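Number of protein chains: 2
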Amino acid sequence: MNKKPRYLQIVHWMREKIEQGEWVIGSKIPTQREIAEKFGVNRSTVITAIEIVKSEGLLEGKTGSGIYVIHNQWSLNSEMSPPDWNDLTKWSLQPSSVHTVQLINELETRKDLIQLSKGELGPDLFPHSEIAKAMGAVSTQIQDFGYGDGLGDLELRKEISRHLQKSGIKIKPECILIVSGALQALKLITVGILKRGSTVFLENPSYLHSVNVFPAEMTIKRIPVDGNGLRIEELFQQTFTRNASALFINPTFHNPTTTSMSLEQRKILLEKCQHYKLPIIEDDIFRDLWMDARPPAPIKVLDKNGQVLYIGSFSKTIAPGLRIGWLAGPEAVIKRLRDVRMQTDYGSSYLSQLLVKELLASGMYENHLKNVRTILKERRDYLLQLLTLHLSDVASWSKPSGGLFIWVLFKKKINMQKLFKQCINENVLINPGYIYHDHQSSIRLSYSYASFEEMEMGILTLKKSLLDVV
Amino acid sequence: MNKKPRYLQIVHWMREKIEQGEWVIGSKIPTQREIAEKFGVNRSTVITAIEIVKSEGLLEGKTGSGIYVIHNQWSLNSEMSPPDWNDLTKWSLQPSSVHTVQLINELETRKDLIQLSKGELGPDLFPHSEIAKAMGAVSTQIQDFGYGDGLGDLELRKEISRHLQKSGIKIKPECILIVSGALQALKLITVGILKRGSTVFLENPSYLHSVNVFPAEMTIKRIPVDGNGLRIEELFQQTFTRNASALFINPTFHNPTTTSMSLEQRKILLEKCQHYKLPIIEDDIFRDLWMDARPPAPIKVLDKNGQVLYIGSFSKTIAPGLRIGWLAGPEAVIKRLRDVRMQTDYGSSYLSQLLVKELLASGMYENHLKNVRTILKERRDYLLQLLTLHLSDVASWSKPSGGLFIWVLFKKKINMQKLFKQCINENVLINPGYIYHDHQSSIRLSYSYASFEEMEMGILTLKKSLLDVV
Chain P
1 MNKKPRYLQI VHWMREKIEQ GEWVIGSKIP TQREIAEKFG VNRSTVITAI
51 EIVKSEGLLE GKTGSGIYVI HNQWSLNSEM SPPDWNDLTK WSLQPSSVHT
101 VQLINELETR KDLIQLSKGE LGPDLFPHSE IAKAMGAVST QIQDFGYGDG
151 LGDLELRKEI SRHLQKSGIK IKPECILIVS GALQALKLIT VGILKRGSTV
201 FLENPSYLHS VNVFPAEMTI KRIPVDGNGL RIEELFQQTF TRNASALFIN
251 PTFHNPTTTS MSLEQRKILL EKCQHYKLPI IEDDIFRDLW MDARPPAPIK
301 VLDKNGQVLY IGSFSKTIAP GLRIGWLAGP EAVIKRLRDV RMQTDYGSSY
351 LSQLLVKELL ASGMYENHLK NVRTILKERR DYLLQLLTLH LSDVASWSKP
401 SGGLFIWVLF KKKINMQKLF KQCINENVLI NPGYIYHDHQ SSIRLSYSYA
451 SFEEMEMGIL TLKKSLLDVV
Chain X
1 MNKKPRYLQI VHWMREKIEQ GEWVIGSKIP TQREIAEKFG VNRSTVITAI
51 EIVKSEGLLE GKTGSGIYVI HNQWSLNSEM SPPDWNDLTK WSLQPSSVHT
101 VQLINELETR KDLIQLSKGE LGPDLFPHSE IAKAMGAVST QIQDFGYGDG
151 LGDLELRKEI SRHLQKSGIK IKPECILIVS GALQALKLIT VGILKRGSTV
201 FLENPSYLHS VNVFPAEMTI KRIPVDGNGL RIEELFQQTF TRNASALFIN
251 PTFHNPTTTS MSLEQRKILL EKCQHYKLPI IEDDIFRDLW MDARPPAPIK
301 VLDKNGQVLY IGSFSKTIAP GLRIGWLAGP EAVIKRLRDV RMQTDYGSSY
351 LSQLLVKELL ASGMYENHLK NVRTILKERR DYLLQLLTLH LSDVASWSKP
401 SGGLFIWVLF KKKINMQKLF KQCINENVLI NPGYIYHDHQ SSIRLSYSYA
451 SFEEMEMGIL TLKKSLLDVV
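So the sequences go chain by chain: P and X.
Sequential numbering from 1 applies to the first sequence in full-length UniProt numbering.
Sequential numbering from 1 applies to the second sequence in full-length UniProt numbering.
Hints are computed from structural coordinates only; laboratory data are not their basis.
Treat the hints loosely; a few may be bogus.
Chain copies aren't distinguished; within one or between two, either way the pair holds.
27 Å max Cα-Cα, derived DSS-like pairs, lysine-lysine [to be verified]:
#  : residue 1 : residue 2
1  : K304      : K170
2  : K335      : K28
3  : K370      : K464
4  : K221      : K111
5  : K370      : K158
6  : K421      : K172
7  : K111      : K277
8  : K335      : K38
9  : K166      : K195
10 : K172      : K418
11 : K170      : K221
12 : K412      : K267
13 : K158      : K4
14 : K463      : K54
15 : K304      : K158
16 : K370      : K4
17 : K304      : K38
18 : K54       : K166
None of these values were measured; they are calculated from a predicted model.
In isolation and in its complexed conformation, chain P is listed as follows:
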C-alpha cells in the first residue's frame, strides 16, 4: 500500500504531528520503543527518522530524559512560538494524579493484561439482555430532552427513593440529586458545601487518597481503619472547628480494606458526630454487593437530624459507563448542590438516567443483583482458594463479605513499586496499597473482573514476581 521507506513514513508522521500543533513546542515525543512498536519496525529505523527531524531543527534530545519538540515549521520561520502548554499545566488548581494512578488508569484499558486491579464487574457479570431490553423500552419513552433543573429525572429519583427504602432509608425524591457517579458527588460537596478552610477527616487507607478530591485550601486528616472499621476513638481525639469540618466515610465493604463497621459502632459514631456537630458524608456504593448476609444498616438510617449526606452509585452494580449515582441529604443541601451542578455540567446524561430508571422500575435491577451476588461469591471463593494455595506463607487477608476486593497484607516488607512494575512486566495489573496511602506492604486484588483462568494465572504471576523483587 504505502511505498515510502519505513523511516520516511516515520519522518512524515513526526513532521505532521508537529505541523498540526498536536505535538506542541516543549513536549516530549513518545519513546523510541513506543514508536518502533507503533510502526512495527526496529529501533534503529526509528533512530534514523529522529535524526532527520532533529537535523531539520524541530527536535532535540535532552540527556537521560528523551526527545523534545523545540521548534515547529512556523516557529523556525518566524518569531512566533506557541504558548507553552506544558508550563501552563504545571501550576494549575487541579494537581496531577500520582504516577502509579495515571499508569493504572491507562493500563486498565489494555485487553492484553490480566486485570486484578479493576473495581468493576467483569464481562460475564454485565447484564447484556437486561440492558438490551431496557434500551428497547427506553427508546419508546424518549421525549425531547433538554437542560434539566440540575436535580435529575424525577422518575429516576422516585425509583431510587423506593430502592433505598429496602435498606431502611426514607428519602423523598426531592431530597435526592442524580450525579454522574460517587466521585462527582464528593466533588460537588467539596466545592459547594464545605468552607474554604475546612478540615476533612478521611479513613486511612482510603481510595480517596488515589484521586485528588479536595482542593489545596482544605486540610486532610487521616484516621486509621482497622478490622472493625474507622477507629472512632482516634477521630474524637481530634479538634473540630464548628462548621468547618467534615467526616468522609465508606463504612460498608470499605475500599480498599473491605471491612464493615458494626451497627453498634455506627450508632456510637453518629452520636458522637452529632455531639460535635461533625457532618458525615457516607459513601455507600458497595452496599448492594453483599454476598453472605446483608450488611448493617447505613448510618443514614440512624440519622434523624440531617447529619448525614448519603452517596450511592450504579457504577459498581451495573456498569461504570452509565455514569449514574445519587446523593441524598437535607433539602437545603440538595438545592444548593443543584445550583452548583448547573454551573458544573448541567446534569447527567438523560439516556443513562432513563435506562437506570427502567432497570429499577422493571425489577430487572433486583434480579440482576441476585445473579451478581451468586457469581461474585464464586469468584471471591475461588480467589480466596488461590491465595490460600499459593500465598498463605507470605501474606494474610480476611474474607470479604461484600464488594469486589480482597485486601492482602504481606508478612514481610516488600518494595511495592518494584512488585507493581514487575507484575506489569508479566502482564498482570494489581493495585498497590500505597496509592491508598497505606504504608504496609499491601495490595488490593479484584475478584470481579478477571476470568477464573486469569485469576489463577494472575496469582501465580504475583507469586513469581514476589520472588523476583525480594
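Given the coordinates of chain P, assemble chain X onto it according to the supplied hints.
Just chain X, lined up with the frame of chain P:
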C-alpha cells in the same frame, strides 16, 4: 382517600419534613402561597397549620423574611443539633448563581410558561425518529462498558474528527477529548491548564458571566464585543503575563449578541495572540446552526501552532440531555485533561457517546442538521417579523445568520429587573442582558424553542409588560 382535615395533613407533612431531616434547622420553609398551591387549599388553612407547628417549638417566623425551622423533634429533647448546612454553604469555593440565573434555571422546566429564554431546540426540532433508530442500532452494539481512560470512546472521537474536517479542521482522534458539554470543557481547562493566578480575557457581554466558571484565584477582564465581534484593539491594549493569561472567545454566532467575526478579523486576532503567546479557547458550539451561509472558518483552522483549544458540543444541535461535547487541542493538553477528567467524574456516559457516534456515522446527524436549518430559519424569520410588527418603535436588533437567538436592545433605558419579573407574572420567560454583564437595556430572545403561537403571544406580552414597567 385521606380523611384527615386538610390543615392536619399539612401539619403532618411539615413535622415529617423536619423529623426526617429534609428540612434542617436553620432552613426556610416554602412560602404560604407555595404550600397552599401544593395542597390546593386557602392560605388561611396553611397559616393554621404553621401556627400549630410553631407552637410545638419547631418553627419560628422572622419578620419580613419567612418561616424558619428552629428545632427538630430530636433537638427539642436533647442537647444535640445538626450541623448548620445553611451556614456551611456560605463560604464554599463555588459561589451561588446570581438570583436571576437560579430563577431562570428553575422556570425553564415549567411547561406553563412561554419559553423565549431556552437556548435549545424545541420539541418539533428534536430528532425523534433518528434517535429511536440510533437507539435500536446501539442496543445491538453494546458491550460491557467500564471506566474508560478519560478520553472517551475512540469510535466517537473518530467520527468527530471526520465531522470537523468538513469545517476544515484537521484533528486526529487522539487530540480529541469527549466532555459532558462545553461548560465542562471550560471547567476542565480552568482547573487543569490555567495557572492559579491567571488573568482570563472574556467577551463582554458573554454567556460566561451567567455561570461561575472561573475560580476566585483568577482575574477576569472584560473586552467589549460589537457588531464585528471582539474589539481586538481593546484586547491588545491590555498587558499579558506570559503563560498566565488566556482568551476565551465565542467568535461564531456569539452568545448572546449573535455576531460572528469575519475571517479577516480572525486572522488578525490569531496573529496577534501568537505574537503575545496568548492562548485562545475557542467556543464554537453554534457553528453547525448556520442558516443563510456557512460562517467563516474556525480560528482553529488558521492555527498551525497549537495556539487554540477548540470546543464543540451536540447540546445545541441534537439535545442538551445527551451531555456530549468535545475539546480538541495539542496532545499535551488532551493528555493532561484526561487525567483531570479521571479525577473529576471518570468520563461521559457511554450510552450517550454510542448514540452520538451512531447519529454521526449513519449520516443521520447531517440530515437532521439540514432539517434544523430550514425550520430554524422559518422560526427566526417569524420572530423578526413579530419584532418589526410590535417593537420597532422601542427597540432595535440585527438579523442573526445562525444560532438560536435574537439580541434586542431597547432604545430607552428600562428597569430590566422589573421587566423580567413582569414578564414572568404574565407567564413569559426572557433572558435579561444583565445576566451576561450587559449594561444596556437588552434581552436575549430565543426563536428555537417556543411554538409560532407562543412566540406571538410572548412578544405581545413583552410589549404589554414594557408599558407596565415604564
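Ascending list of hint numbers which this structure does not respect: 3, 4, 6, 7, 9, 10, 11, 12, 14, 16, 18
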